[in-house]
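J.: Put together the whole structure using the sequences plus the hints.
The primary structure of each chain is shown beneath.
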Amino acid sequence: MNDFDNLFRKYHKRLLLYSMKYVESESEALDIVQNIFVAIWENGKYKQNDELVKAYLFSAVKNSCLNYLKHLKVVKKFENEISIQLLEMEAVHYQSGERSLIEQENLKQINDSIDSLPDIYKEIIFLSRFEGLKNQEIAKKLNIPLRTVETRIFRALSTLKEKMLKKTFFILLNMNFLGENVK
Amino acid sequence: MKDREYIENMIARFLNGNCNEVELQELKTWTETSPENKKEYISIKDIWDASKTPKENTEEQLSIFYRNLYEKARKSRMLWIRYSSAVAAILLIALAISVLLPQKSTNQTENFQVFSVPLGSRSKVLLADGTSVSLNSGSELKYSSNFSADNRLVELSGEGFFEVKSDKAHPFLVKTKDFNVKVTGTQFNVCAYDENNFTSTTLAEGKIELQIDGSNQNFEIVPGEKFELDRKTRKYTLGNADIESEIAWKDGEFIFRNIPFPDLLQRLERWYDVKLNYSDAGLQKFNFTGRFKNQETIWQVLDALKLTSPIDYRKTTFREFTIIYKPLKQN
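For the record, the sequence lines run as chains S and F.
Quick note: the first sequence, position 141, residue 141 per my numbering, numbers continuous.
Whatever position you read off the second sequence (first residue = 1), add 1000 for my numbering.
No false leads were slipped in.
Here are a few chain F residues that sit away from chain S, every Cβ distance over 10 Å (derived from the structure):
# : residue
1 : 1118
2 : 1180
3 : 1193
4 : 1243
Some but not every residue of chain S turned toward chain F, in silico, with C-beta under 10 Å:
#  : residue
5  : 17
6  : 82
7  : 105
8  : 111
9  : 114
10 : 135
11 : 146
12 : 147
FYI, nobody ran anything at the bench for these hints, they're computed from the structure.
Glycine included, every Cβ here is placed at the ideal spot set by N, Cα and C.
T.: In structure tokens:
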């Protein structure tokens, strides 16, 4: 298979996840990602080395999302204004050089971290992120109070966050160790 | 100040439930209270976003990508045909002018005009003598720059439908690699692709004379007949033709009646400028009958074949497909 197909396979899902930070509908997000790949096909940038291509793809997805937010502000006017402001705050944060986990890690690492969660948290992540159930539906399904669902979701996420941070830290330590060995 | 758990639950509600306006405002105010709060909110939402499992199918998206690309290319090619026919018109006007102007003919330095049609396109040329030639995908028409109402000689590789302006005194001559066709005024189709096993001509109207290259065999063909020459064995057949399906291509239609699978693939390849591969010899025994309009995409044509015959197809790379034989289950 040619380089382009492999590139598509490697980054498609991650770019989709990235645009879904801002774009609620999956079909809309798919369109955004398709357009990015058309652009990279036409301008030939996909032939560059992987790091450059990756940087290009993620900055393209960021710009497309910013444009989408602008469009949303025009269309929706005052409706849900605060939630758009929250999204904008997030977009500005990533525009200033901070990188999202979706950009840094590959998806397998994220999934591995989810797998290593205690069962009670794994379950809530599975129901909300895989099955797509809302808090209310999860509460009904597990027969627990809504407040408990909310607490578990937050705890699951912050445990994941710690795991991901530790992993990065571990990798950094490893690199230092290697560096010293070389000396 | 609300307590910590209140904020945590609100973030969870915001991510995966319903927050009312008041709660949203509270959340926003909280994130603005300190850089740490903002950072925490953003990193929790990031984990939330990263752990989603979308329903997308990457392979399906890849084929949608190529499909869109193909549609885009097709549109720009249609534009190209429009441009190229404008260019052809200008060329022909120039040619007509040069024919009208008296010129010293020096036969030693004879120049040729070549009119070629790219794969996947069709085009029509109007010659200086009033003859019109429709050219099918991947064809080339060559004529001397001396071409005029008195000197009517063209060379064809590929497929062309000729509507020759009648002039008994000056016959119109079509040369192909395998035979020459001589006519005075008539409508006929010539199919002479280099990669085909057969070279053929089909007569719709008038009368044509045919001479096989390198021999002095001459044939007279009457309307409704098709002459076909096997390029390897040099054997020929002369018989009744299905005129409608032979010349439908010039009106942007693709009609085929009872043609073998390899022939169908070859014609589709040329028509759509794609590559169609197959490896199962079981497919060769099938004959196909059908009719497509110019508007269908290759995807639609392949889907139609898939529905009506025991085949399936898979896209392999850009503009390339593999046809798979799927025998029907015996009950």
